[in-house]
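Asks: This is what each chain is made of:
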Amino acid sequence: MDNNIEKRLQSLRDRLTYLGDIFAGRHRNNTAMLEEKLAAFDANAHAGSCEDPYAELATIEDMFAYVERRLESAITPMDRVRIVRHPQRVCLRDILENVYDNFTEVGGQDEHSLDPSMLIARAVITRRRGKKIYMQSVMVIGQEKGHGAEFRNGGSVKPWGNAKALQFMKVAETEGIPVHTYIFTPGSYPVEDYPGAAQQIARNLYQMAGLRVPVVAVISEGGSGGAEAIGLADRRLMLSHGYYSVISPEGAAAIEGRLKNGERATPELIEHCAANLKIMARDNLKFGYIDRIVQEPPLGARPWHFNFFRSLRQEIIRATDEVIISTRKTPVLRGLALARHRKPEADLDDLHIRWGLTKAAKARMLHHRQEKFLRLSRQAARDRRPFVKKSAVAFLDWISTPWLSFKYDFYHKHQRQISTLMEEINNEFEMFKKRLLAPLRKLTSNLPGRMDNKAKELTALSLWQGDSRGRQWNYISPRYKIDRTLTCPNSESYGCLDLWGPDLFAEFAGVCTHCGYHFPMEPEWYVKNVFDPRSVFEFNSEIEAGNPLDFPGFSERIAQAKAKTGTKSGCVTFEARIDNIKMVVAMLMGTFRGGSVGAAEGYKFVEAATRAAKKRYPFLAYVHGTAGIRIQEGTHGVIQMPRCTVAVRRYIETGGLYMVLYDTNSFAGPVASFLGCSPYQFAVRSSNIGFAGPGVIKETTGMDIPPKYHRSYRALSRGHIQAIWDRRQIKANLKQALLTIGGRNLYYR
Amino acid sequence: MFDISKLLDAIKASPYREIVIAAPHTGRITFADIKQGDVVLGRQGQWKEKPGVLLATLEREHNPKPVRAPEKGEISLVHKNLEGQYVEAGTPLVVLRHMLTRDEVQRIILQKALYLFRAPERAKYYLTPEADKKIRAADTHSVTVRDGMELFIMSRMKREAPLNYAGPDGVIYEVYFKYNENMDVGSPLIGVCPKDHLQLVQEMIMRVQTEWTEPS
Amino acid sequence: MNDHKILVANRGEIAMRIMRACHKLGVPFTAVHTAEDAASGHVLLASREGGEKSLFRVSSYHDANELMSVADEAGCTAVHPGYGFFAEDFRFARRVAKRDRTMIFIGPSWKIIRELGDKINTKRLARSLNVPTVPGSDRPIYDEMEAERIAKTIFEFQEQQGLKRPLVLVKASAGGGGMGIEEVYDPDLFRSVYRRIRNYALRQFKDEGVLIEQRVTDFNHLEVQIVSDRTGQNPVHFGTRNCSIQSSGLQKRIEVAPGFASETLEYTFNAKKLLTDIVDYSLAMARKVGYDNVGTWEWIVTRKGEPFLMEVNTRIQVENGVSARIARIKGNDGVDLIAEQIRLGLGQPLGYSQNDIGFEGVCIEYRLIAEDPDNNFTPWVGRIEHFHWEDAPWLTMLTHVSNTKPYEIPIEFDPNLALAIVWGKDISEAKTRGTAFLDSLRLTGRNSAGESLKSNAAFLKANTERILHF
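Chains as they are written, first to last, in my numbering: chain A, 1 to 749; chain B, 1 to 216; chain C, 1 to 470.
In case anyone wonders, no lab produced these hints; they're calculated from the structure.
Computed from the model, here is a short list of chain C residues facing chain B with C-beta under 8 Å:
{"no.": "1", "residue": "Ala-35"}
{"no.": "2", "residue": "Phe-56"}
{"no.": "3", "residue": "Arg-57"}
{"no.": "4", "residue": "Ser-59"}
{"no.": "5", "residue": "Asn-65"}
{"no.": "6", "residue": "Glu-66"}
{"no.": "7", "residue": "Met-68"}
{"no.": "8", "residue": "Ser-69"}
{"no.": "9", "residue": "Val-70"}
{"no.": "10", "residue": "Pro-379"}
{"no.": "11", "residue": "Val-381"}
{"no.": "12", "residue": "Ile-411"}
{"no.": "13", "residue": "Asp-414"}
{"no.": "14", "residue": "Pro-415"}
{"no.": "15", "residue": "Ser-448"}
Straight line, CA to CA, 30 Å or less: simulated DSS-like cross-link-like pairs of lysine-lysine:
{"no.": "16", "chain 1": "A", "residue 1": "Lys-582", "chain 2": "C", "residue 2": "Lys-206"}
{"no.": "17", "chain 1": "A", "residue 1": "Lys-708", "chain 2": "A", "residue 2": "Lys-731"}
{"no.": "18", "chain 1": "A", "residue 1": "Lys-481", "chain 2": "B", "residue 2": "Lys-65"}
{"no.": "19", "chain 1": "C", "residue 1": "Lys-119", "chain 2": "A", "residue 2": "Lys-456"}
{"no.": "20", "chain 1": "A", "residue 1": "Lys-731", "chain 2": "C", "residue 2": "Lys-111"}
{"no.": "21", "chain 1": "B", "residue 1": "Lys-72", "chain 2": "B", "residue 2": "Lys-112"}
{"no.": "22", "chain 1": "C", "residue 1": "Lys-152", "chain 2": "C", "residue 2": "Lys-119"}
{"no.": "23", "chain 1": "C", "residue 1": "Lys-152", "chain 2": "A", "residue 2": "Lys-434"}
{"no.": "24", "chain 1": "C", "residue 1": "Lys-272", "chain 2": "C", "residue 2": "Lys-461"}
{"no.": "25", "chain 1": "C", "residue 1": "Lys-111", "chain 2": "A", "residue 2": "Lys-481"}
{"no.": "26", "chain 1": "A", "residue 1": "Lys-708", "chain 2": "B", "residue 2": "Lys-124"}
{"no.": "27", "chain 1": "A", "residue 1": "Lys-454", "chain 2": "C", "residue 2": "Lys-288"}
{"no.": "28", "chain 1": "B", "residue 1": "Lys-158", "chain 2": "C", "residue 2": "Lys-111"}
{"no.": "29", "chain 1": "C", "residue 1": "Lys-24", "chain 2": "C", "residue 2": "Lys-5"}
{"no.": "30", "chain 1": "A", "residue 1": "Lys-708", "chain 2": "B", "residue 2": "Lys-65"}
{"no.": "31", "chain 1": "A", "residue 1": "Lys-698", "chain 2": "B", "residue 2": "Lys-134"}
{"no.": "32", "chain 1": "A", "residue 1": "Lys-481", "chain 2": "C", "residue 2": "Lys-98"}
{"no.": "33", "chain 1": "C", "residue 1": "Lys-273", "chain 2": "C", "residue 2": "Lys-252"}
{"no.": "34", "chain 1": "A", "residue 1": "Lys-708", "chain 2": "B", "residue 2": "Lys-50"}
{"no.": "35", "chain 1": "C", "residue 1": "Lys-330", "chain 2": "C", "residue 2": "Lys-288"}
{"no.": "36", "chain 1": "B", "residue 1": "Lys-72", "chain 2": "A", "residue 2": "Lys-708"}
{"no.": "37", "chain 1": "B", "residue 1": "Lys-48", "chain 2": "B", "residue 2": "Lys-65"}
{"no.": "38", "chain 1": "B", "residue 1": "Lys-72", "chain 2": "B", "residue 2": "Lys-12"}
{"no.": "39", "chain 1": "C", "residue 1": "Lys-98", "chain 2": "C", "residue 2": "Lys-5"}
{"no.": "40", "chain 1": "A", "residue 1": "Lys-286", "chain 2": "A", "residue 2": "Lys-362"}
Predicted model only: the values in this text are computed from it and were never measured. Glycine included, every Cβ here is placed at the ideal spot set by N, Cα and C.
Okay, chain A solo, but in the shape it has when bound:
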């Protein structure tokens, strides 16, 4: 038997194993039939009793292809998860070899890399126009699963791996070459070692929101935070058999089933979650979170599917060209070029478009990218504002924007000059007056009776309005009504005595008087005690959290949360003042479904950032608590990560002061994006900050973590946050921060 047959036979055996694996034991009759045929041929071929082994082999191969095509229609969402995780699936190196014409790995080699699961390469695409040949460089960045190689860690990237990706994105920006990212990750590796999983993803997102080169992302396995770390792109393509999800179906099942550590979710529950999370390519295309699907061969692309690589090459070039073309200023030329590119029969290898951009074009590209993300997912939140109100808001917006820009950009600048002049005139006058009155003053100071004034001043009651020492809090936790004592969690090591509830929750503001441990307080406590009384004005309260995926049983749970908290979503946005400094605040409430962020919360956050930018107010994100992205909203939730980060970046770039204050527990998506990207982050004492909780870390990495792993002081040592504040000092510290960080102009540079 010749080598060729043996090779093809091996390939068929692989396809057979693959079939068995991805269907997890289903469709056994089909696989059994193929197995039988294959075994028969194998036996015959070895015995040399085949008349025409090539023909027979071809028949079997056809049979395989037929069965694969037939089973293609029976793929469940969970099968897709198994497909993308299968060692036989195409991986980034296959793509580099087959889609690009040449490449050099720059981010390390094999296991000799800062993080072998993050692969970076400079690659070249060669195109022709007529006889002329053009070489176009790109920076390829993506997770490498390495066909199951252990050291690749399944494409689960460590924080420093994401940092490496960011480094090379910046290189690409300097060189002005496009970035192609390939997302092959089940999720980021959730360790808090420097720079910290969440913090690094946040940095990546923030930088990508303003990266001044075209970015095209291709998603095969898009597992939440790990995917977003390189996923904020101008064009997002998705392989037809991939998934893009807020969390792995297993993780979702663990949360849905409320499993404690060690317990395993049943396969049915996992399947149920996979089906309801709407993780497939066509779902995401419908939602608008991806731009295009790259069709794979039946049952998913494997390295021998050369046609697939060809179409992927076409698609990736098309996407990059489209980004370039859409920055063109002249609408007619742009339309023509786009139409030409979108023709399915167009061979893009024969069309050349320069991938460099002018400065103005880069700005337009950025604008498109940011607008694109800001538009996403609005439909997933329920905007209950009546039509009249919405129109009124829009109208006001239209009127006030020019007025505000006049007020701040023109008037304020000149007003300052006027007041400086006035001040100088005043000074001169004071000096003059002093000199004039000097002889008179000398005379009166020698008169008797001044001594009585002194005694009077030193012994009589002085005027004093500012006695705020005995001040009670404006709001006290209702728990103060319960006559019971509570034990401080630190009592064992610090010897704290039990605290009496009515003292603790009222006067002490939930702080252990002995060790300073902060018991969690209600969100209202902060709203009423941090900001000036009666200065809080809530807006957009009608935007409601819903159940955009119709996740079974979730509507009731959302309704419960609304009834419990009295708010319509987990994010409350309001304008408020601190000692008369106006600001916009977005508060994520830990009491509303754990403070998870879904489409409504993201919507409100983006609106709040926009409002702050428009009104030139500082913007504070007060995180009373957040458990992460609301998994029951699937990608509607996860898309809030890039979306809100874009909003924040826009706000900061227009000169805003964006501060984040973490309290209680803040984890996962929001920390890894729009919160973690703030240059000024603070935490309230006794809070925890991190990417994934201990249970998830144990589940994904097998590591036990020390008990104080997520404490805020570790985040402080790592450089994630800037300071840890006492709850009772939040108001003073915020004011101090506003005055010092915001400078004289408070928020606007």
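Got chain A sorted already, so can you dock chains B and C onto it with the hints?
Replies: Positioned in the frame of chain A, the structure of chains B and C alone reads:
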């Protein structure tokens, strides 16, 4: 120095310690489902982060507080007659027969090898804030002491006085006092390992680690 | 009264006095003790004279939860805090009054404790009633220019008063207990001291407010004993005390009633008028706040006879015995201020007016303490072997230390051993008797190092000569 083998043999001859678990404060006691002869576990886990087995619940001022097994051991006595009763602070609740763990044996032996700085007076002792902070942040080994260094605060009669360490330079290996605990005159406060003893101490630890088998 | 039961939330001598007062009033009581303190006299007394559920072992006297828990278990209806521990803790008083099972706090109501516990508040209240206070600011100063101006005024004011060495005191307004206080003798140094204290206050208390006052030196420490019932409308005083003989750490060692012997001794000022003045001032303030139990107004009196109100102690004091000893209600002696405190605390009306209260003789209280007066009054710890004195009708001995068995001094509390209260018909008789008592005293013991006991008896004797002189 001294004979480790002899000491180890002596400990091996009676490897048990009786632990009396008493009510930490007043309150009404409810025993958990335990009985004489049960074997209970103390704190578990790499960082002792998992609490010991629940022995009883002591409720005072509507605050039920768990009373847990501090160490692994066999319950030799449960004062079940107290069930549902109001107990005074310090009332014995449960007696455990505890077989010395490797760490405890190590501590016993280390006490012989380390330089022990002893309490000059009966008083409460605290470490100076700097040392305390260091130890809380990392562990005891992080603090190096020098002769004459101000290391403790001695508190008695509501008066606090600084206390200087006297003895060889080295690192603190063990701290023998707890927060708010009265220490008698002459009881050891800290065990210091002088620099040149480090090797020896490590060897001793190795010996205990290998020779002492813990009951599974 | 008989329906009540009182939790004695204290230890030692004061616990014993409270229990005896309860006994006198026919009110049952419950006492507490820690394991360390099992040999204290108050434990013996409670087990001897207390009824059912009258003694509980607790983990700490400082743990309010233990006290509440014991009170509930023993069925107490009122709590007597004694002095120290929770006596001036308005939160404790508030908890006693506001918990689900409410009790009576034997002391002023918690709002009064809070109001008079704040020194700035007390000072402002005094000034609003024209009660003299130490010259200086009566509110925290936050502004450096203003602080300098006030300091300058205080310096000039003292010069005008003829003081040779003017002193200004700068202290953190949120501070207390002697922390964050500094003296300035040179106006040019004020700014740097001010900044230091301000930064210290900001670090320690998160409040950079600073108080600036004249530093008064060379003064006598006087007190006015106020008693009022729950109506708060008709406070009376039980005279004045002089507590000027103190240890180097400014702790009282000898207290005398009355405050000055204006009839027999010569003073540089009109002592009689001064005593009347401070009593009137104190009563005016008590009336203003509706003071509703016993309390002490503390004064400093300069050599020129100027009084300044220092603070108000909203509790029974250690030295209440000297005032009681010289007081006569409707001509009767045997006044017991602690019994009065309990009686009034439980809601009974006062039952007499200021006109019914008279005074007779002079009374000295010695605080007998195991300490070394030659060595900065360092406490001596060890075992008392012999403790003996000669009883006399003019002597009241208050002690929790056994005079029959050896006693180990516990280290967790103030090292007071005994209070000796000596009465005489006039100052010379009181001094003679005081000296006689100290001479008769036998107090010996050893510590673990074998050293013999040190006590302040010699210091007390030496200072007996000085009393009431100024």
